[in-house]
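Visitor: Protein chains in written order, with this note's numbering: chain F, 1 to 115; chain L, 116 to 225.
Hints may contain errors.
Claimed, not checked - Which chain L residues face chain F? A few, computed with CB under 8 Å, are given here: (1) Leu126; (2) Phe203; (3) Phe215; (4) Gly216.
No wet-lab data here; the hints were simulated from the structure.
Backbone N, C-alpha and C fix where the C-beta goes; we use that ideal spot for every residue, glycine too.
Listed below, chain by chain, are the residues.
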Amino acid sequence: EAGVVQSPRYKIIEKKQPVAFWCNPISGHNTLYWYLQNLGQGPELLIRYENEEAVDDSQLPKDRFSAERLKGVDSTLKIQPAELGDSAVYLCASSLGPSSYNEQFFGPGTRLTVL
Amino acid sequence: SQQGEEDPQALSIQEGENATMNCSYKTSINNLQWYRQNSGRGLVHLILIRSNEREKHSGRLRVTLDTSKKSSSLLITASRAADTASYFCATDEAGNMLTFGGGTRLMVKP
Chain F
1 EAGVVQSPRY KIIEKKQPVA FWCNPISGHN TLYWYLQNLG QGPELLIRYE NEEAVDDSQL
61 PKDRFSAERL KGVDSTLKIQ PAELGDSAVY LCASSLGPSS YNEQFFGPGT RLTVL
Chain L
116 SQQGEEDPQA LSIQEGENAT MNCSYKTSIN NLQWYRQNSG RGLVHLILIR SNEREKHSGR
176 LRVTLDTSKK SSSLLITASR AADTASYFCA TDEAGNMLTF GGGTRLMVKP
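The following block holds chain L by itself, in its conformation from the complex (with noise of 0.2 Å):
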């Protein structure tokens, strides 16, 4: 079962553009993570944001965490074509165990 939820499913933009990808999630938890997926290839962890932070971030990374809400959103700035990838979330429900989002498919054309 996956917890998280992304949104959108997909999304394609111009390089230099913003992007934006959010996550909902249904339970509470300690920590929400996100991860990269190239095609073809393993998941590469982004960045992770403790339930007691508001916001954090990471080069052109930006993370935020409403847990009255349970949702999460990634905003990558000045986007290139080298962020072409899938997005997921992943949440850890009681026991460490990662519970992944289906992703968001990032398109970033040049």
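Okay, chain F solo, but in the shape it has when bound (with noise of 0.2 Å):
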């Protein structure tokens, strides 16, 4: 079975440009997770979603960051323009509910270099 898939791997851009990240959680997970990680730290959550919904986005910078979730399944995480403060590695993660006691399974993330 595949494993949560995220594209691009990595992405370099320059300052104030726009950029998007693209998630494919695994099949059946209605419960998918946008992480930020910066070098040398643990992840930080960005947004949740349960099924199309966005919950827990209050740590999503919503001047300059957007998500969705079409049909409850791929997600796409944008951010328009880039500062270079947001270079960091952009972690996706699905879970078969919103509880603590399932597992998240993480994908491999998109490092971003803004320049």
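Assembling the complex is the task here: the two chains are given apart, and the hints tell you how they should meet.
Guide: Spelled out as structure tokens, the structure:
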């Protein structure tokens, strides 16, 4: 069974440019997470989806970040415009349901470099 | 914000030795989890321990939880070069959200 798929794996852009990341969760997983991971630190939750509904998005900088999960499956995270400080790894994870007892499965991440 | 704090931040040992890393947290939890992250890859779930459990084993892994001290430890016995990775603890605050610590970077030398 395929795990969580993310693309692209790497992205280099200049500041003020837009960028988008795509995530395909494990089939049947209703809960999807986007995390930000800075170098040498643990992941920090940006947004959590229950099916197509966004919950727990308090850490998402809404002035430049947006996310969507159409039809409750794939998800896209967008940054527009990107800033130097956005350079980080963006991780997508999925789980069967919202309970913290459900194991989260992580994708390999997208490493973003903003020049 | 990160609730869990791992100690030490980095650990270097020889193959065959045991590795112990610790995690402290601040608020009450329902469960605490440990994840591993190999260089350049996503996190992999290792083990979950509930707040009413004190110790749990999985293969060469042993996790303890002391809710009175708000701390947990992960012990890897008979370490192997393949155990080289970053290890993160994660706790659940109210609302099922996982909060990860800063991680311990483990290097196992062959």
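Visitor: All hints are to be evaluated individually against the structure, with a verdict given for each.
Guide: Taking the hints in turn, this is what the structure says about them:
| no. | hint | result |
| --- | --- | --- |
| 1 | Leu126 | 14 Å, violated |
| 2 | Phe203 | 5 Å, holds |
| 3 | Phe215 | 3 Å, holds |
| 4 | Gly216 | 5 Å, holds |
Against the hints set out earlier in the document, a violation occurs for number 1 only.
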